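Quick mapping for you: the protein sequence lines, in order, are chains U and A.
Numbering of the first sequence is given in this note's numbering, commencing with residue 13 and proceeding in unit increments.
Numbering of the second sequence is given in this note's numbering, commencing with residue 4 and proceeding in unit increments.
Hints in this document: simulated from the structure, not taken from any laboratory.
Treat the numbers as computed from the prediction; the structure is a model and nothing was measured.
Be aware that a few hints might be false.
[Claimed, not checked] Below, simulated DMTMM-like cross-link-like pairs (lysine to aspartate or glutamate); rule was C-alpha separation at most 25 Å, straight line:
| no. | chain 1 | residue 1 | chain 2 | residue 2 |
| --- | --- | --- | --- | --- |
| 1 | A | Lys-247 | U | Asp-228 |
| 2 | A | Lys-113 | U | Glu-88 |
| 3 | A | Lys-257 | U | Asp-238 |
| 4 | A | Lys-226 | U | Asp-238 |
| 5 | A | Lys-113 | U | Asp-238 |
| 6 | A | Lys-226 | U | Asp-240 |
| 7 | A | Lys-247 | U | Glu-312 |
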Amino acid sequence: MAVEVKPRESSDVETEQLATGCEAIAEAIRLADVDVMAAYPIRPYDGVMQAAAKLIANGKMDVEYIVADGEHSQFEIVKHACAVGSRVFVGSSGVGWFYAFEAIAVTAGLRLPVVAICGNRALDDPGAFGTEHNDSLAVRDLGWLLPWAETAQEAMDLALMAWRVGEDKRVSLPVAIGLDGAFLTHSQQIVKIPTQAAVNTFLPPFDLGDRLLHPDNPITIAPQVDQDWLMEIRMQNDQAMRKAEGVIREAHADFKKLFGRGGDSPFLDEYMTDDAEVVFFGQGTLALPMKVAIRRLRKEGHKVGLVRLKWFRPFATDEIVKCLSRFKAVGVIDRDYSFGSPYYGGVLYNEVRSALYSQPKRPVVVGFIAGLGGREIEQPMAQEIFEKTKAAASGDLKAGDTCHWIGVRS
Amino acid sequence: MSETETSITIEVVYRGIFQKTLAQRICRSIVLAARKRGHTGTAFARYGDSPERNGVPAKQFAVVASNDIELESSMAKYEPAVVDVSIAVDDTLVKGVESWAWYGRQPIWKPVRKDGFVLVTSEKTPDEVLAQTDTALRPYTLGIVPGGASFAGLWVFKDDHTDYRVLGALAKIEPQWVRLEDVKALIKEQTKDDGAVASAQYGYDNTKLRAVEAGEGTSGHEKLQFDKPGWTTMRPGIIVDARKPGERNPFYKKYGARTMRPVVNFDTCIKCTMCWLDCPDECFEVTPEGHYEVVYEACIGCGICAQVCPVKDCIVMVDELKFEDNKDKWDFWKKDHDGYNKWFESKSGVSADPKKLVPSSPTTNANPGANPTTAGGDE
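Please build the complete structure, drawing on both the sequences and the hints.
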């Protein structure tokens, strides 16, 4: 039996909620007036499923909510819904995300602006629910925009940004927001819920234009093209990704104007970097314990700071290079692994080193693998990261060409 | 061919599925025969032709080189840009090769180098074949290998020795690369059959060569060439315009798949709709009087209409090489009834008047499944 649909809340004032990252995302789904969302349970993403279902059951949200028979169908459903002009939301975690991989790949190829969350989770086996970024990062080469959130507030803000940027005709690419399992998806924080009016100002209705799959607009999507057309199609995606950086800057400026949040740069969140000689670099919630460490280290007189990356794709190379070149050493903390990669480093480590390669003045880059499977980054670990980075900055250690595993038992 | 040539490239143009095994056997045998005198080589099918579709023109290739270094320049390719010899194993292929959308319709000699060879298996004379071949832009030699089109099959290959005759013909025109004795030795090894070896000799002895000058051939075939779009001109999102209702695909016309075409006797048509209903390609258009006329640009010549037609000799399948154009014929019948019927009789070999009980005689190159060719060295 269908639930009774109560009238939508009429009051439109900014409110505060104590909400998990997942609940904050559900609020964003409501505010964005999403048409279709597809769901299939897997921790930690399923927090969004539950939060959205609750909003629907309470009559606060009107969205076509489709529970699929698996992640592959789940992502196919929103891909097709998007092609017929629906604003969509979807998400998964860990190996569930991988089960949807075919649909994930074609969604980017088709330039359909699906917005997803990837509730970051270790890839089973062994069974582990905690956060690891390899699920999101597996799609890094496919044309998905990949932002990472630090807080529940940022999760909601990034979701609103995601529809705005992804659906922009210059971009028209899918977005997958990285949310650290447990620390963000399942931890409640104070979240400011913006007014519907402000969101409507920020987020125009979704319009696919002449790409809309509709009987009145007969088109064929994704014919067999072989080598005759394929490179041109990839080039189009490359160009769209190049444009995304500027579109994110535009959206970020508007967002800041309307909601007063988002910091100076859409791509980098700098913490105590003004006079820093050594900085940590990473993404997601690992910034939180590292900031605690920085405050402690500052009291001891160390010039140390943090640069948190907010968008992994597009990789804002110029800005990142310009920023990191100011420091003597950068300790890149990867909550991921890339077995057999250069210097056996993490994904972020090698991206950063690659970006810095052509710089005349560049910092020493030290790699750290930490917090895998959701292992907490405790202060002794942060201390070790600092000491190794500091040593590299002083030239004491050939630490730059290596990568250290932190907090792992021998 | 000079002594300095370091490789030879040969293509086999064939009817998809029906002749795939045949083409493969020819290409492999070319390399294996050349191997007998110390050459090396490669044989491959054009990747984009797969999955092959019934009758749609496809290509396979053999490259023979004097050594591995020379061979490398012909490897890691889908198809060679230039070939020394093009072998068409069905003479209706000389009307042009249209393999897939955007490929266009290409003259059979298109990749053949100046003074190269076009070998065609046919029961017709060189001049008859040339009359249906696109106007040559550069001189080449046309060779007719005796025998009708072999539809020996894909899964079960009913060998009619077309492959051996073709290899014999090749040994005649390119002895530097493929020697008759090597071909014969190879066939003997493979088949232990002297009849098969004799077929190679037959192809060698009986292939008719005819020099073709630039300008010879027909200009009657449709030009079908397309420019491929660039990334700035393509629609984003892997989107192409769909065909409107009733509109036929201008980028892929399919008639190049045809070896026989249906010809309709409008006098005896009872307007039963069967052809129109059962045509898998929706080729039939309803005329103002309720007849059904074939749109030849869309017809692949599958013959289903002729099979389902309940009236004897109302739809007759006729050798495609007897026709110059793809024009619709109902207008012809409407304007010149007797003229059309004469035309119908001359093409189909059956009477247009149902009261005349003229027994229908099988046409040349008739439905190969029902009437397999016996021409060639195995006589």
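A quick look at each hint next to the structure:
A C-alpha spacing of about 10 Å is found between A/Lys-247 and U/Asp-228, which places the hinted pair at or below 25 Å, so the restraint holds. Our distance criterion of 25 Å between C-alpha atoms is broken by A/Lys-113 and U/Glu-88, whose separation comes to about 44 Å. For the suggested pair A/Lys-257 and U/Asp-238, the alpha carbons sit about 19 Å apart, so the restraint of at most 25 Å is met. A C-alpha spacing of about 23 Å is found between A/Lys-226 and U/Asp-238, which places the hinted pair at or below 25 Å, so the restraint holds.
For the hint pairing A/Lys-113 with U/Asp-238, the CA-to-CA distance comes to about 22 Å; that is within 25 Å, so the pair holds. Distance restraint check for A/Lys-226 and U/Asp-240: the Cα-Cα separation of roughly 20 Å lies within the 25 Å cut-off, and the hinted pair is therefore satisfied. A C-alpha spacing of about 74 Å is found between A/Lys-247 and U/Glu-312, which places the hinted pair above 25 Å, so the restraint is violated.
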